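Make the full structure from the sequences, and use the hints.
Numbering (my numbering), first residue to last: 1 to 288.
There's no promise every hint is true.
As the list claims (entries may be wrong) - Pairs of lysine-lysine, BS3-like flavour, derived with a Cα cap of 27 Å:
| no. | residue 1 | residue 2 |
| --- | --- | --- |
| 1 | Lys180 | Lys41 |
| 2 | Lys268 | Lys126 |
| 3 | Lys79 | Lys180 |
FYI, nobody ran anything at the bench for these hints, they're computed from the structure. Small disclaimer: the values here were computed from a predicted structure and weren't measured.
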Amino acid sequence: MNDPAAPKPPVNGRAADDLRFYRTDPVSFVRRGSRLHGKRKDSWDRLSGDYVIQVPRHHADTSVHEDFRFDAEEAFGRKAPLTVEIGTGLGEAIAEAAEAHPERDFLAVEVYLPGLAQLMARIDAKGLTNVRAVQANAPEVLDVMLEPGSVDELWIFFSDPWHKTRHHKRRLIKESFLPKASRVLAPGGIWRLATDWSQYAEQMRSILDASQDFSSLHPGEEAGEHSPLTRVRRDGLEGHDPEPDFTDDIGGWAPRYEGRIRTSFEAKAIAAGRLVFDLAYRMEPDAG
1 MNDPAAPKPP VNGRAADDLR FYRTDPVSFV RRGSRLHGKR KDSWDRLSGD
51 YVIQVPRHHA DTSVHEDFRF DAEEAFGRKA PLTVEIGTGL GEAIAEAAEA
101 HPERDFLAVE VYLPGLAQLM ARIDAKGLTN VRAVQANAPE VLDVMLEPGS
151 VDELWIFFSD PWHKTRHHKR RLIKESFLPK ASRVLAPGGI WRLATDWSQY
201 AEQMRSILDA SQDFSSLHPG EEAGEHSPLT RVRRDGLEGH DPEPDFTDDI
251 GGWAPRYEGR IRTSFEAKAI AAGRLVFDLA YRMEPDAG
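Structure representation (structure tokens):
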């Protein structure tokens, strides 16, 4: 896309004169290998042209140009409730959900090319027509690409917890992310989250409970002796020293969402002895 107003990239190794070329916030991901082989390459070559949204870029190959808008009705050929999953991984959850709910449309947001290629293979194997994918940085998808109020459900399952304190700024779910989510969710829309790290789960719960835009679907539930957080702290899981007197009096943990299948990633977390924390919030009708 040749846009004279777009920021000009660096030349000959020098910094760009136009600061719009650079992201102002650190990204929440680390790019991994992008080479495709075998069935993944075949699936990508055959299907990406039909199922992957071609995004004009801005300052990086996962960026979204500020003028680009996603037209869901055009992309899917119909008007239907839209679920967006950020961090699709290998596409297990979204492909299963799309097969179970042909009346809904699904958009997968992922930066990892082999994961997107694996999703293409799942689309092919299941004969799905209600899934599209985009290789892009999630905050830019929410800020720019999606229309306000266009999303009925937002899923973020097992985003990188960035364990080290100095890296917490790279976590996806933080205060500055909430306006992005509230921008795209329709009034009454649902935001579902899951993580296998207790400190990140506490952070998610804290910032969402404090928000005026969202209300928990399960306030006070799974508190006290029933809380997974109580168990983590008391039993000294995740490498913590045991805190036998700790009790999570807040709760608010959601039961496992029936549409969230157990993926290979989650199976590894459970095998490692970690617990899974689910959260679910509703977008307030007068938010924004």
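Right, here's what the structure says about each hint:
no. : hint            : result
1   : Lys180 / Lys41  : violated, 33 Å
2   : Lys268 / Lys126 : holds, 25 Å
3   : Lys79 / Lys180  : holds, 23 Å
Going down the numbered hints, you'll see the structure goes against just number 1.
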